[in-house]
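Please build the complete structure, drawing on both the sequences and the hints.
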Amino acid sequence: MSCRRPAGLPHVDATTPAVLSLSGPVARDEVPELCHAVRTLLETTSAGVVVCDVGGLGPPGLAAVDLLARLQLTARRAGGRIRLRDPDPALHALLHLVGLRFECEGQPEEREPALGVQEAVEPGDPPV
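The numbering of the sequence shown is this note's numbering, which starts it at 1 and goes up by one.
These are computed hints drawn from the structure, not numbers from a lab. Computed from a predicted model, the values in this text were never measured in an experiment. Heads up, the beta-carbon is just placed ideally off N, CA and C, and yes, glycines get one too. Hints are not guaranteed to be accurate.
[As the list claims (entries may be wrong)] Here are the computed distance ranges between Cβ atoms for each label pair:
1. VAL19 to ASP66: 19 to 25 angstroms
2. ASP125 to ARG28: 53 to 59 angstroms
3. PRO89 to THR40: 54 to 60 angstroms
4. ARG101 to PRO123: 33 to 39 angstroms
5. GLY24 to PRO123: 55 to 61 angstroms
6. HIS96 to THR40: 27 to 33 angstroms
7. PRO126 to LEU100: 24 to 30 angstroms
8. VAL19 to GLY124: 50 to 56 angstroms
9. GLU122 to SER46: 45 to 51 angstroms
10. LEU73 to ASP125: 42 to 48 angstroms
11. THR45 to LEU97: 28 to 34 angstroms
12. LEU97 to ASP125: 32 to 38 angstroms
13. THR44 to GLU122: 50 to 56 angstroms
Laid out in structure tokens, this is it:
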């Protein structure tokens, strides 16, 4: 029994994550609708990630933290996750303060050094 490869390039499913733009202060009654939007985006795309553009969210506060925590929980329950785009540094610090870790676009991974950073070598260090 033999298996013949199809001609041409192999099929590559290059999916890009869906984007959900959050703008202005979000009221508490809008949270279920946004959670439903995240669930729907994950179900209709096969990317597994919804990018939340939080650049226009406004000043960070506990309402924004609550919203992002609920969106992440909804995404996890649907088998995916959310990634933040353009977070305010204060929002990032507030999320870190309350113990929520979110993946952000454009950030180097924790185990990789930032670009342009070189490790210093001491004269007496043995070679690795």
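Okay, the hints, checked on the actual structure:
Taken as a hint, the range 19 to 25 angstroms holds for the pair VAL19 and ASP66, whose Cβ atoms sit roughly 21 angstroms apart. In this structure the supplied range 53 to 59 angstroms holds for ASP125 paired with ARG28, their Cβ-Cβ distance being about 56 angstroms. Judged by the Cβ atoms, the range 54 to 60 angstroms given for PRO89 and THR40 is violated: they are separated by roughly 30 angstroms. Remark: the range hint 33 to 39 angstroms for ARG101 to PRO123 is upheld by a beta-carbon distance near 38 angstroms.
The hinted range of 55 to 61 angstroms is satisfied by GLY24 and PRO123, whose Cβ atoms lie roughly 57 angstroms apart. Restraint check, HIS96 to THR40: a C-beta distance of roughly 29 angstroms satisfies the suggested window 27 to 33 angstroms. A hinted range of 24 to 30 angstroms is violated for the C-beta pair PRO126 and LEU100, which are about 41 angstroms apart. At roughly 51 angstroms, the beta carbons of VAL19 and GLY124 sit within the given window of 50 to 56 angstroms.
Judged by the Cβ atoms, the range 45 to 51 angstroms given for GLU122 and SER46 holds: they are separated by roughly 49 angstroms. Under the hint 42 to 48 angstroms, the C-beta atoms of LEU73 and ASP125, about 46 angstroms apart, fit the expected range. As the Cβ distance of THR45 to LEU97 is approximately 32 angstroms, the hint placing it in 28 to 34 angstroms holds. Look at LEU97 against ASP125: about 36 angstroms separates their beta carbons, and that is inside 32 to 38 angstroms.
The beta-carbon spacing between THR44 and GLU122, approximately 54 angstroms, falls within the hinted interval of 50 to 56 angstroms.
Figure legend: structure checked against the earlier numbered hints; hints not met, in rising order: 3, 7.
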